[in-house]
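Q: For reference, the chains in residue letters:
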Amino acid sequence: MTTKRHEQVGLTDAQVLDMYYYMLLARKIDERQWLLNRAGKVPFVISCQGQEAAQVGAAFALRKGKDYLCPYYRDLGVVLVFGQTARDCMLSAFAKAEDPNSGGRQMPGHFGGKKWNILTGSSPVTTQVPHAVGIALAGKMQKKDFVVYTSFGEGSSNQGDFHEGANFAGVHKLPVIFFCENNKYAISVPLKKQLACESVADRAIGYGFPGVSVDGNDPIEVYRVMKEAVERARSGGGPTLIEAVMYRLVPHSSDDDDRTYRTREEVEEAKKKDPILLFGQYLKEVGLMDENKEQDLLARVQMEVDEATEYAENAPYPAPESTLTHVYGE
Amino acid sequence: MTTKRHEQVGLTDAQVLDMYYYMLLARKIDERQWLLNRAGKVPFVISCQGQEAAQVGAAFALRKGKDYLCPYYRDLGVVLVFGQTARDCMLSAFAKAEDPNSGGRQMPGHFGGKKWNILTGSSPVTTQVPHAVGIALAGKMQKKDFVVYTSFGEGSSNQGDFHEGANFAGVHKLPVIFFCENNKYAISVPLKKQLACESVADRAIGYGFPGVSVDGNDPIEVYRVMKEAVERARSGGGPTLIEAVMYRLVPHSSDDDDRTYRTREEVEEAKKKDPILLFGQYLKEVGLMDENKEQDLLARVQMEVDEATEYAENAPYPAPESTLTHVYGE
Amino acid sequence: MAVISFIDAITMAMREEMRRDPNVFILGEDVGVRGGVFRATVGLIEEFGEERVIDTPLAESAIVGVGIGAAAYGMRPIAEIQFADFIMPAVNQIVSEAAKMRYRSNGDWFCPITIRAPFGGGVHGALYHSQSVEALFTNVPGLKVVAPSTPYDAKGLLKAAIRDDDPVLFFEHKRCYRLIKGEVPEEDYVLPIGKADVKREGTDITVISYGLTLHFCLQAAEKLAEEGISAHVLDLRTLYPLDKEAIAEAAAKTGKVLIVHEDNKEGGVGAEVAAVIAEQCLFDLDAPIKRLCGPDVPAMPYSPPMEKFFMLNPDKVLEAMRELAHF
Amino acid sequence: MAVISFIDAITMAMREEMRRDPNVFILGEDVGVRGGVFRATVGLIEEFGEERVIDTPLAESAIVGVGIGAAAYGMRPIAEIQFADFIMPAVNQIVSEAAKMRYRSNGDWFCPITIRAPFGGGVHGALYHSQSVEALFTNVPGLKVVAPSTPYDAKGLLKAAIRDDDPVLFFEHKRCYRLIKGEVPEEDYVLPIGKADVKREGTDITVISYGLTLHFCLQAAEKLAEEGISAHVLDLRTLYPLDKEAIAEAAAKTGKVLIVHEDNKEGGVGAEVAAVIAEQCLFDLDAPIKRLCGPDVPAMPYSPPMEKFFMLNPDKVLEAMRELAHF
Ligand SMILES: Cc1ncc(C[n+]2csc(CCOP(=O)(O)OP(=O)(O)O)c2C)c(N)n1
Ligand SMILES: Cc1ncc(C[n+]2csc(CCOP(=O)(O)OP(=O)(O)O)c2C)c(N)n1
Ligand SMILES: [Mg+2]
Ligand SMILES: [Mg+2]
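Residue numbers (this note's numbering), protein chains in the order written: chain A, 67 to 396; chain B, 67 to 396; chain C, 78 to 404; chain D, 78 to 404.
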């Protein structure tokens, strides 16, 4: 039996099993949305596939109900850990009135919900980064001890708002974790046309705080560096920039055709490091998982997804004239 | 006699004397504008005082008539080396029709002139940075071998446009020199409230190119690092970020009162390192200058400034209705 | 009641709101020890400390973006943009974020930020310290755009903006800062955002304006009265959403309308004012709807004769009013 | 003459201009190997290489800012903004820089950049992939804003934009891309920027529109003709500066005007159109100037019934036209 790496970073057996559950749940919700899309039932999907380990590893280092999230559109794994359910996600995919993120107003992947401390997100990339800094600033003013997590792709780290937000947080030593999910592509544009630095983490020094690069396919490693960053933030040590390196296993979105810009070989190669595969193996190696248990878990997840889909599909749409509401407060 | 540091970096005696002339000229034009302002003759002044060494040192490493400038408002020293005259500057200060920068449309310090390869500048800080990158991109496409110099204050290095421009240049390895004049303040806001990094040069690694910090009070040192950067750029080695560290010796502008945010002791202390003073001393130490020569030079400069002022003061204003011209091309 | 300047009314409003509500704070460039380049925040860092009067890094998108995050969390930030011309880098945060948070979250989140910005010319500010940028934002549902013209309105509307649960862009004409003085109560009061205000009753022509030019209209109306022409002057005060009822009412009252603003004519706020009238009370009109505005050039030049050419003044307004009256 | 789609006309225009002038190049997100997310640049990287079809980092202010630098130097950049909604981070570069370079340098420098951006809704794009953002730019002297509605106009106007010595914002309604087809000559031709175009002659009512809704107007006019009502339809084509003469002429022709656009009503382009008419030919009018526009909400929701509620369609337009005709 291999060493239990997770214990070394302070994760219990129950916790890693839970992590695996969330990773699987995210993956299965995502896969179902693609099926629904191809069947013409939902107009749009944007995926977390390949990024679940980083997301769930990161979210486990945060305190649900206490810390704040300003996530980006792929962070399905993160918001599930923070309390969103398969049903919530499917209500959003079907754009139904009950969708807690936006009441069906926004595309899926545009997370938000006050009850989960998830700030409402938009499509223009990286705008959430200064928001995270602002929430952290407010927390500091009110002497709260929460930290704020904000995520974005490596392509999005080239937007001015990343720079301005990170610099502000650095100057004010605010408890923000800048979590860059480097999945190697910004739609069709490969890393080398986006960035000339070795690692996105190299940018941290320019803001006076630590930058760390981590294997995004390994939830335990991600948890470890996140935990460190969270503790630093909470104890007044200021922000951290984390780059989690991974690969987007599917096209950018349901509107994309990734065959135009990357070879099938490259994608197949990446699938060998599919974090769900690797983490499943690890759990088996340390004796926490076996074929049976895995089947049970899969069945449970599948059932959640089925129920969620059915519920959401049958749920009512918002009323047309509700288009006119919530422009201003009453 | 001290060693001739300037020879070690490839500057001749004639060149350093020339540098001193430009530094003095810049200073004297600037001082005159303050007098004119206090006398109610020109509405606004923005100064180069304290930054002349860095500016002239940098400009001497460039090829006039070949390289391009996207300077910022304090770069009087740079544009003088590139061909602007005291008269040009005074025409701008008095907002007269003949002002070659803008025909009196813009405030002084908003340099521009196609004949000198100086791109027209604006007031919103840092917008010139992507422009410099665009000129360099065009040069690369057309297989030209010019380099592009762009400058900005340390406060302005926090704008998104700095980040986006630098990143673009890094990815395309473009011949751009990002020259940050770190004078310790952005109007009233001191360095530590602007930046948390040790040096602005630390930001370069995030864009995959070298960053260098240099004593901005020493024109020879500035020349040396600029020369290196220019050669790297010209030979396809890509951009360099240079931080020249200095001090703004006067208020931000004629509208500012710096006594509200910094002590007189601090300013007096900085004046001991006034680059004009230091460089004058150096030239004397190496035997290139003495009291007599200095008086001659001062007299020559003074005369240029006098003549320029008189000319500009008496020059005609633009016609009121010319306000309507140059909105679109014919 | 004390007579104070426009800018003092602004300072007073912020001071009172900061005393009233600990969640109110200020962020911007040079707002702290310097008290703002126009001195609008003078004395506030001394009273409230540097935690509540924050000298930010020079980055407008962050000033607004950080403010938005804090506002969504529950604070009441007042973000100062040093000159309205420099609001451009923050347009994405204002238009895509602040204005749409409530709508996109189906009412779950909202964004009570106030963004103050000095606008307008006549101060030798040249192209980039003189602009009127309001028209950029008067097509953005979810935002409110306010531009008071008197100290009394400034205080009451700024306090309303700070307490408003939605993002408010608050434009202050910088020429008004020290030029315009007026009575301002020491007491707490707020004025309703979204309501125009009749600044002068009249019967012959209707003049609609805001900001500095509103004062030109009032001065011209005074002179015109001597010629026996009575002008009705409406101060828009809120530029978005417009007080359409008040506009229609004022237009119908005299049947002759002149709209005056310093901003460029084409696509300016006056266009919507004219359109509202042309849609709602066309048959009450006795003359074409006239607009007297800044020329359609990129911005106001530095050179004094050009600045003068660009700027409106009481004489130019008087002439346009007289011409309309005699139509 | 071949019948091709709107988007193919766009591609054709760019290909022809790139062949004609080596200074023309394209920069934007995914414009290279991917051929653009809408496929407008498909095939161009193959023909012109990655030096002239540049996949940029994801940063709109740099895309435009770098383009501006290159344009000032003497190139003819075509910057693609992936969705018009994402033009916001580039507003500072567009408004403060591109639009003002010529003016501020007293004609010494100029900036021949073309900025293409797909706008508009009806494609399940939700709040941030459906917006009409043109009104943000139709108050900015120095800029030209173009929005063609047919493949023929698209080709001719895009070529004109690329050759224009001033910055042109070129908005393409994304719903038109594959829906709208029309005859487009293989030959080189340009159409004048700044000129509106009568798309249908008529005598009873005047309808003024642009983009996708122009087609709704034409369809509605067709039906209305069956009822014996003759509609005159003007396509603005250029949204800034407006063709005021053509607008006044079209309005005066029938005396009854309906302005139609997908963008929000208040502060939209239609406001200026109405204001021009109310100023220039008020006494030719027989009815209030009507506007039929998107509702004043932040943007178009994702949920199908809400999107449908927001969007105009031929029936909604028909109803408004009929009502005006019977006024
Ligand atoms: C400001 C802005 N520009 C363009 C887009 C269109 N867009 C959506 S996602 C994307 C690529 C993002 O790449 P990256 O940041 O690496 O994140 P990833 O999708 O790879 O996770 C682009 C260009 C956008 N949403 N916002
Ligand atoms: C976008 C923008 N915001 C604000 C200003 C107002 N402003 C002019 S200079 C300045 C400070 C600049 O500081 P720094 O970059 O350090 O340059 P320095 O003046 O010290 O040389 C500010 C805030 C501006 N010109 N542009
Ligand atoms: Mg990516
Ligand atoms: Mg500085």
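Because the hints were derived from the structure by calculation, they are not lab data. Please note that a few of the clues may not be correct.
Said to hold, decoys possible - Facing chain D, according to a computed beta carbon distance under 10 angstroms, are these residues of chain C, among others: (1) S138; (2) E278; (3) L359.
No residue lacks a Cβ here, since even glycine has one placed at the ideal position from N, Cα and C.
Q: Tell me the hint numbers this structure goes against, listed in increasing order.
A: 2
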